[in-house]
Every structure is written in structure tokens, then in C-alpha cells.
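There are 4 protein chains.
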Amino acid sequence: MGMVGGGRGAFIGAVHRMAAALDGQIELVCGAFSSNPKKSKLSGKDLFLPANRVYKNFEEMILEEKKLPLGECMDFVAIVTPNHMHFPPAKMALENGFHVVCDKPLCFDLKEAKALVKLVKKTGLLFALTHNYTGYPMVKHARELVSANKLGKIRKVLVNYPQGWLSTFLEKTDQKQAAWRTDPKRSGIAGAMGDIGTHAENLAEYITRLKITHLCADLHSFVPGRKLDDDGSVLLKFDNGARGVLMASQISAGEENNLNIKVYGEKGGLEWSQMQPNTMWLKWLDKPTEKVRIGVGKQSAHVMNHTRIPAGHPEGYLEAFANIYRNFAHCVQARLANKKPNKSFTDFPTVEDGLRGMEFIYKVVASSKSKSKWTKW
Amino acid sequence: MGMVGGGRGAFIGAVHRMAAALDGQIELVCGAFSSNPKKSKLSGKDLFLPANRVYKNFEEMILEEKKLPLGECMDFVAIVTPNHMHFPPAKMALENGFHVVCDKPLCFDLKEAKALVKLVKKTGLLFALTHNYTGYPMVKHARELVSANKLGKIRKVLVNYPQGWLSTFLEKTDQKQAAWRTDPKRSGIAGAMGDIGTHAENLAEYITRLKITHLCADLHSFVPGRKLDDDGSVLLKFDNGARGVLMASQISAGEENNLNIKVYGEKGGLEWSQMQPNTMWLKWLDKPTEKVRIGVGKQSAHVMNHTRIPAGHPEGYLEAFANIYRNFAHCVQARLANKKPNKSFTDFPTVEDGLRGMEFIYKVVASSKSKSKWTKW
Amino acid sequence: MGMVGGGRGAFIGAVHRMAAALDGQIELVCGAFSSNPKKSKLSGKDLFLPANRVYKNFEEMILEEKKLPLGECMDFVAIVTPNHMHFPPAKMALENGFHVVCDKPLCFDLKEAKALVKLVKKTGLLFALTHNYTGYPMVKHARELVSANKLGKIRKVLVNYPQGWLSTFLEKTDQKQAAWRTDPKRSGIAGAMGDIGTHAENLAEYITRLKITHLCADLHSFVPGRKLDDDGSVLLKFDNGARGVLMASQISAGEENNLNIKVYGEKGGLEWSQMQPNTMWLKWLDKPTEKVRIGVGKQSAHVMNHTRIPAGHPEGYLEAFANIYRNFAHCVQARLANKKPNKSFTDFPTVEDGLRGMEFIYKVVASSKSKSKWTKW
Amino acid sequence: MGMVGGGRGAFIGAVHRMAAALDGQIELVCGAFSSNPKKSKLSGKDLFLPANRVYKNFEEMILEEKKLPLGECMDFVAIVTPNHMHFPPAKMALENGFHVVCDKPLCFDLKEAKALVKLVKKTGLLFALTHNYTGYPMVKHARELVSANKLGKIRKVLVNYPQGWLSTFLEKTDQKQAAWRTDPKRSGIAGAMGDIGTHAENLAEYITRLKITHLCADLHSFVPGRKLDDDGSVLLKFDNGARGVLMASQISAGEENNLNIKVYGEKGGLEWSQMQPNTMWLKWLDKPTEKVRIGVGKQSAHVMNHTRIPAGHPEGYLEAFANIYRNFAHCVQARLANKKPNKSFTDFPTVEDGLRGMEFIYKVVASSKSKSKWTKW
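Residue numbers (this note's numbering), protein chains in the order written: chain A, 620 to 996; chain B, 620 to 996; chain C, 620 to 996; chain D, 620 to 996.
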């Protein structure tokens with residue numbers, strides 16, 4: 620693995636490295652960790668990389684690594700830069716024959732997203748998008764239960780992603796995370812909806828296998844001076860007639876990272892929260908609510924493939940994130956070995972999920988500006 | 620107290636009687652418990668009433684009780700009939716000089732609601748509406764915290780009232796509660812929104828002291844054959860610029876009676892759920908969430924007036940309901956004694972709250988039919 | 620009902636009155652509310668009692684009421700005084716033909732307890748002890764599940780009753796509750812173990828139908844100057860070979876009134892907490908934990924007889940307390956009508972439960988003083 | 620790092636490898652993964668190790684690695700075998716100059732434990748014992764709060780470790796984990812008390828900095844045919860006069876891995892549960908309970924050193940385990956660089972903690988057999 624971005628002081632780069640390392644399947648062999656070459660060098664040293672594999676920029680990395688023999692060169696590129704810097708390295712990596720893991724949202728705008736989808740299709744290379752919340756084994760279990768019609772026809776979906784960390788004008792301070800996420804030039808046309816609303820959309824569609832067909836959004840920016848939305852609520856219609864509400868907020872004071880979802884069908888309901896990821900509540904019309912726990916009772920081999928330790932030994936965010944990397948690594952290894960991958964390990968978000976996320980951003984922003992109730996997707 | 624409705628087999632009548640009895644301030648002295656005179660008599664016997672104080676109908680009750688001397692006759696009428704039968708006894712009671720306690724929603728339609736407001740004003744009599752959820756001491760504490768600006772300016776209000784009991788076509792069975800609540804001729808123009816959505820609206824406005832100014836509703840009826848909405852989601856704007864979402868659903872499979880609210884301000888947030896009524900969560904920007912419990916730490920005399928037993932001895936639905944009756948009884952006693960009531964005991968929902976609830980129903984139904992995003996209230 | 624004790628400023632007297640009033644089956648007709656006759660009079664006036672039914676002391680009350688005709692006189696006496704004042708009125712009431720409801724623990728010492736058991740047997744009168752926590756419907760459901768062998772043979776019982784209100788030397792202040800509870804002359808030979816440990820013992824034996832046969836206690840008094848134990852832990856052996864631990868503490872800082880129990884059998888376990896009384900957790904060897912809620916799914920008619928309102932409308936401490944009074948009233952009414960009571964309504968704690976509680980106190984205190992590990996009960 | 624044990628099918632070996640890999644500070648360079656040389660080879664291949672670094676047994680590994688130059692040879696040995704196989708490789712590693720990480724309990728018996736303490740002292744080498752639960756950042760925060768006297772003088776400590784997985788005679792099946800843990804020849808003189816009771820003891824003493832001075836134990840074996848205790852309760856006295864109860868059970872049906880602790884002092888109490896490791900409850904005499912969350916509000920640099928990602932992104936068991944490895948690696952690196960380690964990174968359980976755990980096992984077993992109440996430690 621070669622990394623673009625994620626130098627000293629970055630948050631998500633370290634997450635990607637831990638997630639990649641956890642299962643002993645991936646080795647970090649090179650990187651272009653910063654747009655500042657000196658910082659890139661220092662970051663590489665921190666990571667025990669040889670100096671010659673720490674590059675000035677991603678262009679150099681891709682060109683130089685391409686010269687190395689297979690088995691020595693990086694097998695794929697991990698892109699962990701701010702949104703506006705996803706497309707250039709992703710494009711160049713694909714064009715030079717490297718598989719790609721890219722942080723979400725997919726890119727800066729819809730045009731780039733469509734171009735990437737085309738490029739992935741054209742090159743036939745592997746592309747994973749780190750919508751990490753669908754990496755949790757319990758989310759996979761939820762998806763299986765819905766698919767098996769355990770809840771009956773789905774009627775209502777409530778997905779809510781409250782955070783409170785942008786309750787103040789944090790982008791005025793040195794806080795790097797806040798600065799780029801609230802800057803339209805680096806983040807894109809949406810703030811909270813792009814940063815976390817896309818996770819909520821991805822989660823809802825992943826679990827239910829339904830598609831949003833209409834939406835009615837009210838985005839707002841509460842903090843004076845802020846350039847992008849920091850809070851939004853969206854009414855939803857799904858392709859089976861179900862209704863829903865999606866909320867994404869970064870001004871919900873006192874909330875940490877509380878992505879949660881409730882799905883109600885004709886026969887039962889489920890509830891899952893990211894902050895208690897090993898638990899899911901199954902509710903029924905006429906019997907007790909069940910506290911479903913990963914590793915307790917019947918769960919499919921596919922679900923169990925995405926957990927590492929016995930019930931009661933909590934797994935968390937990094938393990939879910941690692942599931943994407945572990946699955947991706949399995950598929951890359953299968954390619955290298957000219958084998959078919961185990962189907963269970965092909966379950967990771969793709970460039971198409973990324974495109975859908977970008978479309979969601981565009982539709983939500985358009986709806987929020989519209990005076991009509993429903994915007995068709 | 621004389622009661623209209625609430626005969627054998629009714630649900631809410633017994634609740635009113637227990638709530639009225641709890642604090643030893645109110646005695647049930649007469650009733651017209653059913654439109655069926657025989658059933659009324661039997662119900663009265665169950666309740667140890669003398670036969671001559673059990674009446675054939677509310678008209679008889681009001682006229683006969685009026686003939687009795689003060690101190691012997693009933694002091695007020697409690698109306699616990701289905702919605703379409705609130706207005707006639709309320710009107711007649713007021714016109715004959717009796718104070719009124721009425722179940723919610725106030726009445727069948729907006730016209731009746733406006734007439735009642737006028738009549739209460741004209742007669743100067745006391746009128747309590749049993750929006751019982753605002754009777755909880757913790758709800759009063761929440762209102763005080765918001766009023767004291769502890770959370771800062773309010774930005775977002777999420778109020779959600781999911782139930783699952785109407786997930787099936789229950790009105791086809793003998794279930795009396797389901798039958799009238801889903802019947803436009805007895806319930807009015809709304810189903811879930813009238814039955815429980817009005818509680819949510821009342822709770823949100825009571826705690827925040829904000830007024831909803833615009834709303835965008837999506838009401839739906841999921842169960843085939845059902846005549847009224849059984850699920851709805853509403854985007855809200857409040858008079859201070861805050862945004863919100865109100866949901867009311869009776870097809871949220873597996874949910875009991877899960878009214879809950881989250882309020883976020885500039886400085887903090889609160890969360891309260893009716894099913895854990897003695898607890899409120901206070902969330903802050905940069906310190907631990909507090910688990911506020913009734914009776915623990917500082918709470919105002921007004922709040923403490925609405926709890927009866929020490930912390931850790933759970934009080935529930937009936938006690939909150941009893942708070943309305945106890946306060947109402949205090950005000951009636953003050954009238955009889957020609958004294959000014961203690962201000963703390965004047966805190967109960969009034970006919971004006973009832974009118975606001977009826978307006979809410981009308982606005983939500985209109986918005987749901989509209990193609991425009993926002994409907995002004 | 621005539622009441623002994625419970626005048627102005629008392630806590631448990633008001634609880635008894637609310638519990639007795641709730642279901643409309645019991646009327647307070649007289650009382651001797653205080654050892655101070657003036658205070659008794661004022662208390663009676665607060666309660667709307669006629670002056671001639673408010674007595675100077677319990678002796679007068681019993682003698683005068685005895686002179687009144689049946690139907691007019693009190694049907695039973697409710698005793699809500701401190702422990703050392705339970706026996707005299709109970710004895711006199713029974714000797715004069717009145718049924719008795721008595722607060723727990725039964726009395727001051729073992730000798731009194733044995734005398735009361737004899738007297739109840741001899742007179743054939745009804746005697747209820749207000750071990751209110753076994754009045755909760757969920758506790759009855761738990762007892763039924765264990766009886767039906769749903770958990771298999773019971774192996775381990777953990778019952779814990781932490782409170783924190785005596786963490787400081789509260790008896791030095793004017794706090795009336797603290798003063799008598801920590802005074803050996805009014806409370807008896809035990810402090811926390813008598814006041815709340817007996818509730819824990821009663822709960823454990825009620826749910827499991829097992830009897831404690833051996834115990835090993837460590838009682839301690841942490842607060843300097845305190846005369847009785849304020850904390851204790853007890854190892855238990857039960858008559859079926861099960862083991863257990865009982866804890867009772869009033870110096871568990873920050874705890875409210877957190878009585879809770881866990882029972883583990885060969886096939887499953889249950890967990891219940893008084894502060895969330897409408898919920899019980901059922902745990903299984905190889906399937907999800909169930910969140911059992913009163914009113915949801917299958918529960919027996921007996922259990923449902925002890926709840927008043929639908930699922931999701933929380934009932935609490937007063938309702939559980941009222942179940943004892945309602946059942947007791949039913950049995951008194953049956954006596955008066957010369958009928959056999961409904962078996963479901965005969966479920967309330969008796970004088971024998973009271974004796975067992977007194978024995979528990981004696982055994983625990985003896986064990987705590989002993990150097991041997993096990994004390995036989 | 621070279622590993623002893625942890626071949627295919629083992630549980631704790633994989634945990635150690637993931638924990639070691641997570642932070643990118645440790646590379647697995649060799650191993651003797653099984654007493655079966657063929658299985659060892661296959662396991663090494665799974666782990667991408669070169670064949671010549673996969674050894675037949677630990678003796679070979681230690682001798683061969685010793686021949687390699689520093690920087691190429693393993694820097695330390697990780698021992699992940701059953702208890703009876705801890706001592707031989709630990710001793711040989713130390714005698715040959717290698718630092719050691721060893722799974723808990725320290726070894727098979729007290730004699731071995733004392734020998735290891737001596738050897739570590741004599742060699743001056745680093746020795747970490749993986750009492751992983753004290754690796755959680757919240758446990759470190761708890762320890763700091765107690766040390767800073769926030770709770771006042773500690774009065775009561777309740778530590779409970781229930782599991783349910785040995786509720787049946789699992790050792791009769793092929794379940795490898797059950798087989799050795801219930802076998803006195805491989806596990807030692809205690810079952811549940813050795814396997815998990817030692818974790819509870821370590822946690823209680825780590826958080827409170829108190830020492831157990833007396834204990835009174837009741838160990839029992841509930842499952843017919845089982846050779847070692849599967850359940851036990853222990854009364855405790857601490858060196859400051861505090862009292863406590865420690866429970867360890869593997870027949871608590873339906874429990875997963877529910878290690879939890881409650882500590883009560885004069886001013887407040889804390890509660891922490893391993894299954895929700897990022898949360899701690901702080902309870903106070905006269906203000907609301909606080910829900911303390913890692914990363915929210917003030918926490919020391921030392922605590923923050925032991926968390927990797929922002930609040931609301933759950934960290935779990937592997938991250939806590941990794942904290943031990945990361946700290947140990949830091950100390951090894953400091954040795955290699957001839958520097959003083961950062962004090963914060965010297966916080967990991969040592970061979971002395973291991974000895975204390977072995978003493979605990981011996982004292983508990985002795986107490987359980989004794990007829991006297993208190994056994995002195």
C-alpha cells in the first residue's frame with residue numbers, strides 16, 4: 620500500500636494505517652504524505668519507511684512505484700486527502716494500473732465522480748470507498764435480516780447523524796479538520812450533508828437495499844460566518860413506497876458521533892447505533908424486543924467473517940474500518956493469484972456507492988433551495 | 620367531580636379516575652359513564668356511587684347536579700369520551716357554570732375549538748386539557764432550564780412519537796380504542812397526528828416556549844383500508860429561527876409509547892423520553908453529559924411540587940396525569956375559597972393549548988396535501 | 620381504613636395513603652397520625668377527615684372505632700410508624716378484631732414478630748406487610764418464569780440494594796427519616812440490613828421460591844458516630860444448592876434507591892432493577908437477550924391483574940405499593956361479603972414474610988459477629 | 620517480536636498479533652506457534668513469515684534468534700500458550716537476554732511466579748503481563764480520579780466478572796478453550812478464579828491503588844464433572860478499611876464477558892463496564908451522575924495517550940490490548956536507543972502484578988476450603 624496524504628497532524632490518515640495494519644494482510648511500503656515535501660519525509664520516517672519510498676508528491680509516487688517489480692512496488696494507493704484532492708491521485712493511479720482505496724465522499728463534484736466511475740469500469744481495477752460504517756458486522760447482519768424479509772415490507776426509515784463539534788466557529792481556529800470541511804473550495808457544495816449525510820444515506824440504502832427516489836430537504840447554517848450547511852433534515856421516499864427522514868447535523872451540541880438508524884417494517888423494526896456497534900435491537904409486534912449481539916446466537920458466516928473476537932469483547936470503529944481494508948486486500952491478493960475472491964470478502968463500498976453519494980449531495984442541495992416539496996432523484 | 624364517559628371497558632376513563640384520586644383532593648361524586656344508560660348504571664355501581672348520582676346522559680347530569688347545593692354537587696366535569704363527543708358536554712357544562720377537565724385533543728374540529736375558547740373566556744370558568752405528558756416534573760425542569768438559557772439559543776428540536784400498535788388493521792377487530800381513533804367521523808381529519816402528534820407539538824412548544832411558524836408535512840396511511848394517517852413526518856421552523864422535525868407514527872412496529880424529544884441549543888442539548896420519565900440527559904459542548912434525575916441535586920420548588928416521593932422511587936404516567944388534576948383541584952378550591960391560587964399549581968394545559976393543537980392538526984393535514992414546501996402557521 | 624402514624628412531615632404515611640386511594644377501593648375514614656395529639660388533629664384536617672374521627676392515639680382510635688357499626692367504622696388499620704411502634708398498635712388492632720396493614724420490617728425484635736404470627740393465626744384476621752417491591756407486576760412475572768423452570772435449576776442469585784443517602788452523618792441534622800433509622804432504640808439491632816436488606820431478602824426468596832439456609836455476613840458502619848450498620852455484604856447458600864450474594868448499603872455514594880436482582884439458572888438468567896420496574900432482561904445460553912416489558916407479549920392473567928395501563932405508559936413505585944392495598948382490600952371485601960377471594964388478589968406479603976425478615980436480621984447480625992464462615996439459618 | 624504458541628485455531632494468539640500490529644511499532648519476525656512442528660510451519664506461512672524463521676519449538680527459536688544480529692533478531696518474545704506452558708519459555712527467554720510479553724495468569728503455580736519475579740529482577744529485562752483490561756483509557760482515567768481523591772476515601776469496591784460460556788459441560792466437546800481452562804494440569808489450582816478472577820483482582824487494585832488484606836471466599840463448581848471452580852464470590856477487606864465483593868463466574872447464563880466495577884468513596888462513586896469501555900459513570904452525593912466519555916472534557920495527557928481516535932468513534936478490546944504492546948514497544952525502543960522511556964508509556968502490568976495474581980489464586984482457594992471467615996493475604 621502506498622498512501623497519499625495522512626501526514627503528521629492528520630486524523631484520517633492514521634485511521635487508514637491502523638485499519639490496514641490490523642489484520643496483517645497489508646504493509647505500508649511508500650507514501651506521499653503531504654503537499655509539503657519536508658513534512659512528507661518526516662511523516663515517512665515516523666512510519667519506519669525507507670527514505671527512497673517517501674515521495675514529494677503523489678505524481679512522483681505513482682511514476683516511481685510503477686517502475687518497481689510486482690511484489691516490491693505498492694499494490695494499491697490509499698487516498699486520505701481532503702475531498703478536492705481525491706480525484707487527481709485516484710485518476711492517475713487508475714490510469715497507471717494501481718488499485719485504489721479512497722476516503723469518502725468520493726470526490727469534489729459530480730463531474731469527477733462520473734469520470735471515476737467510467738475510469739474504474741474501463742480499467743477493470745479495484746476501487747474501494749471507505750464508507751466505514753457499513754463495515755460493522757452488525758450492519759451486515761441487519762442487511763441480511765431485512766433481505767430475508769424478517770421485518771416484512773419496510774415502511775419507515777429514520778437515519779440520524781448528529782455531531783456537536785461544529786457548534787462554534789471552529790474553522791476560525793487552527794483546527795485543521797474544521798477548516799477544510801467548512802470550506803467550499805476544498806469540501807464541495809455541502810458541509811454536514813457531504814461529510815456525514817452521505818454516511819447516513821449509504822447506511823440506510825445498504826441495510827434496506829431500497830433506493831431513495833424523492834427527497835425534501837431543509838439545510839441550514841447556524842453558526843454565523845459559516846459558509847456551508849451545518850445542519851439539515853430531509854424527508855425521504857423510497858422506491859418501495861417507504862417513507863423516511865434523514866438528519867445530519869454538526870451543531871447538535873453535546874453529541875459525539877452518534878450515527879444511528881431505525882427501520883420499521885410490517886412485522887418488526889430494528890435499531891442500531893454506531894456508538895454501540897456490537898448491539899442491535901430487534902423489535903416485534905407481539906413479543907419482547909431482542910438485544911442482538913455480535914457472536915451470540917445465529918449469525919451467518921458472512922457476518923462472522925467481519926468480527927475477530929468472541930462476544931463481549933468489544934470491537935469498534937477501527938475494526939469496522941479494517942474490514943474494508945481486509946476485504947479489499949483479499950480481492951487484490953485474488954487478482955494477483957488469478958483466483959476468484961471469496962464472495963464474502965467482496966463486500967466493500969465501491970466507486971458506484973461513491974457516485975450515489977455525490978448525487979445525494981447534489982439532490983439535497985437542490986431540494987433545499989427549491990420551493991417545491993419533492994425533488995426527484 | 621362528575622365524569623362523562625369512561626364506562627366499563629374504556630381505557631382513558633379509568634386513567635382519569637386514578638389520576639383524580641391519587642392525591643386525595645378530588646372525589647368522584649357522579650357520572651354519566653356511557654351513552655348506554657344501563658352500562659352507565661353498572662359502571663357507577665362498580666365505582667361505589669349511589670344510584671341517584673349515576674345519570675342516563677351528560678345532559679341529565681349537568682341539569683340535576685346544578686340543582687344540588689354547593690359542597691354537595693359536583694364541582695367540575697371530567698370529559699373522557701371520544702373526540703367527537705368532547706364539545707357537547709364541555710359546552711353545556713360551561714354554560715351551566717361548571718369547570719371542565721377535558722381529554723385531548725380538544726374537540727372534533729377547529730370550529731368547535733374556537734367556540735370553546737370563546738366560551739371559557741366569556742364564563743371565566745376553569746378549563747384543563749389533559750396533555751398529560753407536560754405534567755411530568757422532568758418536563759417542567761426541562762422548560763425551566765431552557766427558559767433560564769442554560770442551553771443558549773435553541774437551534775434544533777426533534778420530537779418523535781412512535782407507537783406500533785396500529786401496524787395491523789386492528790380497527791377491523793373489536794378493539795374499541797382502534798375503532799374510533801381511525802374513524803374520521805369520531806376522530807376528526809387526522810389519525811396519528813391528531814391522537815399523538817398533538818402531544819408531540821404540545822411537548823415541544825411547552826419545553827422550548829417557541830412557536831412553530833412553518834411546517835412541511837408528509838402524512839401517510841400504510842395499513843390497507845385505513846381511513847386516516849397512521850404515520851407522518853414534519854419539518855418545522857420555529858419563531859426564533861430554530862429548525863426541527865416532528866414525527867408521529869402508529870406503525871412503528873415494536874414501539875410502545877415512545878414519545879421523546881431532543882432540544883439542541885448553542886451551549887448544550889437535552890434529551891427526554893416518556894418511557895424513562897424521571898431521567899433527562901443534559902449534554903454539553905465540552906464536559907460530560909449529565910444524567911439528571913428528579914430529586915437529585917438542585918431543582919426548583921415548582922418542579923418539586925410535581926413529584927411525590929424521593930429520588931429512585933419511580934413515578935410514572937399516572938402521577939404525571941395526577942399533577943394536572945391536583946393542580947386543577949387546587950385552582951377550583953382557591954375559587955371556592957375566594958383565594959388566589961399558588962402560582963405553581965396553575966401550571967396545567969388550557970383551552971388555548973387545545974386550540975393550538977387543533978390548528979396544528981389542520982396545518983399538518985393541509986401541508987401534507989400541498990405541493991409547496993412550507994405551509995405557514 | 621384507619622391510619623396510625625403518617626402525620627405532617629412523614630414520608631411513608633403519604634405513600635400509604637396514595638397507594639390506598641389509587642384504585643378507588645379504600646377510603647381513609649379515621650386516624651391517629653401522631654404521638655402529638657395536636658399534630659394528629661392538624662394532619663386529619665389536611666386529609667379532609669371529620670374532627671371526631673381524628674384520634675389522640677391509636678388506643679383511642681381502636682376503642683372508639685370498635686363502637687361504630689360495620690360499614691361505618693374502619694375496616695382495617697394501617698400502621699406507618701417507626702419500627703419500634705409497629706407492635707403495640709398491631710397487637711391491639713388484632714385483639715380488637717381489626718385487620719392490619721403494617722409497614723416493614725414487621726416490628727422491633729424477634730420476640731414481637733413471633734407474637735404477631737401467633738396472634739394472626741389465633742384471630743384469623745388478615746395481615747399485610749408492605750414489602751412493596753414484590754408488588755411490581757414484573758417481579759410477579761419473574762417469579763412465574765422461575766416457577767415454570769424457564770431458567771432451569773437456579774445456580775446463582777445476586778441481589779443488591781445500594782443507596783447513598785446516609786453517606787454523611789445525616790442523623791445529626793433534623794432529617795427525621797435518618798434519625799430513627801440509625802437509632803437502635805427505634806430501628807432495632809440492624810440499620811441498613813433491617814431497613815433495606817430485608818427488602819432484598821424478600822425479593823430474592825419471592826422470585827426464586829428458594830430459602831436461604833446459610834449466610835456469611837460482613838456488616839460495617841462507615842460513617843463516624845453511626846450506631847448501626849450502614850453497609851453490608853452477605854454470602855448466601857440456598858436450599859437447592861444455589862449460591863448468592865446479598866448487599867445492602869446506604870453509603871453507596873450517588874446511588875438513589877437501586878434495588879436490583881440477577882438470577883442465573885442452568886438455562887438462562889434474569890435481571891430486574893427497581894428503578895426501571897417495567898423492564899426485565901432475560902438472558903439465554905445461545906440466543907439474544909430479551910427485553911421483557913410489562914404488557915408486551917405473553918404474560919399471565921395474574922401478572923396483568925397487577926398493571927393498570929398499556930405498555931409504554933410507565934407505572935412506578937406507588938402503583939406497586941397500591942397493588943398490595945388493592946389486593947388486601949379485595950380480601951377484606953371478600954370477608955365482608957362472606958366470599959372466597961380471587962386467588963390472584965391474595966398475593967401480598969404476610970406476617971410470616973415479616974417473621975422471616977426479622978429472622979434474617981438476627982442471622983445476619985449474628986453472622987457478622989462470628990469468626991466462622993457459615994451461619995446456619 | 621517472536622511468538623510462542625498462537626497457531627491455527629488458537630484464540631489469544633491472534634489477539635496478541637492484532638494488538639501488536641495495530642500501531643505500526645512491532646513486526647512479527649518469527650515464531651514457534653505450536654507444539655506440533657507441522658502446524659507451526661503452516662501457521663507461520665499464514666502469517667507471511669519466511670520458513671526459516673518459523674521454528675519447531677520455543678527452545679529452537681530462542682537459540683536461533685540469539686545468533687542473529689540486533690535489528691534483525693526478534694527483540695522480545697510473546698508467550699500465548701496455556702498457563703502451564705508460560706514458565707518454560709519465559710524463563711529461557713529471560714535467561715537468553717530477551718524481553719518478554721506473557722499472557723495471564725503469570726504461570727502455573729506460585730513457585731514459578733516467584734522464580735520469574737527473581738529472574739526479571741536479576742536480568743533487568745522488560746516483562747509485560749497482558750492484563751489487558753487495565754489497558755483501557757477509561758480505566759486509567761478512573762485510577763487518576765481515585766488517586767486525586769475525587770471520590771474521597773474509598774469505602775466499598777464491587778467487582779464482578781460474569782461469563783456464561785461454561786454453563787454446560789463444554790470441555791467434553793472439542794472446544795479447545797474450555798478444555799485447557801478446566802483442566803487442573805494445564806490451568807492450575809483454580810478455574811474461573813484463575814482465568815477471570817485475576818482480571819477482576821487486578822482491575823480493582825489498579826483503579827483504587829488499594830491492596831486486599833483479607834478475603835472470605837466461596838468457590839463452587841456447578842457443572843457436573845467439572846474439575847475446577849466455575850463460580851465464586853469473595854468478601855474483601857482492603858488496606859484502608861474499605862470493604863468489597865469480588866465475583867467471578869463462568870456459569871452466569873447469558874452473560875458474555877461482563878467485567879464491571881463499582882467503587883464508592885465518601886464523596887462519590889464510579890462505575891465502569893468492560894462491555895461499554897469508553898464510558899464511565901461518576902456519581903455524586905448531591906448532583907447529577909456524569910456520563911464520562913473518553914475524549915469529552917478534561918482528561919490527562921496520560922489518558923489521551925491511550926486513545927487513538929476522537930470521541931464517539933468506539934475503541935474496544937483490541938485497542939486496550941494494543942496499549943500494552945505499544946507501551947512495551949516504546950520501552951524496548953528506549954532501551955535500544957539507550958534513552959529513558961516516556962513515563963506515560965511505562966504503564967503496563969508487570970511480573971509483580973503477575974505474582975500478585977498468583978497469590979490471589981492461592982488465597983482464594985485456601986479461603987474457600989477454610990471454615991474461618993477471614994483469610995489473611
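Treat the hints loosely; a few may be bogus.
Claimed, not checked - Some, not all, of what chain D presents toward chain A, calculated at C-beta under 7 Å:
#1 Leu641
#2 Gly743
#3 Glu763
#4 Ala767
#5 Pro843
#6 Gly844
#7 Asn876
#8 His932
#9 Pro933
As the list claims (entries may be wrong) - With a straight-line Cα cutoff of 25 Å, these simulated DSS-like cross-link-like pairs (lysine-lysine) come out:
#10 A:Lys910 - C:Lys917
#11 C:Lys846 - C:Lys830
#12 C:Lys995 - C:Lys982
#13 A:Lys910 - D:Lys910
#14 D:Lys830 - D:Lys658
#15 D:Lys962 - C:Lys791
#16 D:Lys846 - A:Lys660
#17 A:Lys772 - B:Lys791
#18 D:Lys990 - C:Lys995
#19 C:Lys990 - D:Lys830
#20 C:Lys886 - C:Lys733
#21 C:Lys990 - A:Lys769
#22 B:Lys988 - A:Lys830
#23 D:Lys906 - C:Lys795
#24 B:Lys982 - A:Lys988
#25 B:Lys772 - A:Lys791
#26 B:Lys910 - C:Lys791
#27 A:Lys791 - A:Lys660
#28 D:Lys856 - C:Lys886
#29 D:Lys988 - B:Lys906
#30 A:Lys917 - D:Lys910
#31 D:Lys906 - C:Lys886
#32 D:Lys856 - C:Lys846
Hints are computed from structural coordinates only; laboratory data are not their basis. Just so you know, even glycine gets a beta-carbon here, dropped at the ideal spot from N, CA and C.
Each hint, compared with the structure:
1. Leu641: holds, 5 Å
2. Gly743: With Cβ-Cβ at 27 Å, over 7 Å, it is violated.
3. Glu763: violated, 21 Å
4. Ala767: Since the shortest Cβ distance to chain A is 25 Å, the answer is violated.
5. Pro843: violated, 25 Å
6. Gly844: violated, 23 Å
7. Asn876: holds, 3 Å
8. His932: holds, 4 Å
9. Pro933: holds, 4 Å
10. A:Lys910 - C:Lys917: holds, 18 Å
11. C:Lys846 - C:Lys830: violated, 30 Å
12. C:Lys995 - C:Lys982: Judged against 25 Å, a Cα distance of about 8 Å means the pair holds.
13. A:Lys910 - D:Lys910: holds, 22 Å
14. D:Lys830 - D:Lys658: Between lysine 830 of chain D and lysine 658 of chain D the Cα gap is close to 43 Å, so the pair fails against 25 Å, i.e. violated.
15. D:Lys962 - C:Lys791: Roughly 47 Å between the alpha carbons, so the hint for lysine 962 of chain D and lysine 791 of chain C is violated.
16. D:Lys846 - A:Lys660: violated, 59 Å
17. A:Lys772 - B:Lys791: holds, 21 Å
18. D:Lys990 - C:Lys995: holds, 13 Å
19. C:Lys990 - D:Lys830: holds, 22 Å
20. C:Lys886 - C:Lys733: With Cα atoms ~39 Å apart, lysine 886 of chain C and lysine 733 of chain C exceed 25 Å; violated.
21. C:Lys990 - A:Lys769: violated, 59 Å
22. B:Lys988 - A:Lys830: holds, 24 Å
23. D:Lys906 - C:Lys795: Cα-Cα ~22 Å, so holds.
24. B:Lys982 - A:Lys988: holds, 22 Å
25. B:Lys772 - A:Lys791: holds, 21 Å
26. B:Lys910 - C:Lys791: Violated, at roughly 30 Å.
27. A:Lys791 - A:Lys660: violated, 29 Å
28. D:Lys856 - C:Lys886: Violated, at about 34 Å.
29. D:Lys988 - B:Lys906: Violated - the C-alpha atoms of lysine 906 of chain B and lysine 988 of chain D are around 49 Å apart, more than 25 Å.
30. A:Lys917 - D:Lys910: violated, 33 Å
31. D:Lys906 - C:Lys886: violated, 41 Å
32. D:Lys856 - C:Lys846: holds, 21 Å
Of the numbered hints listed earlier, those contradicted by the structure are 2, 3, 4, 5, 6, 11, 14, 15, 16, 20, 21, 26, 27, 28, 29, 30, 31.
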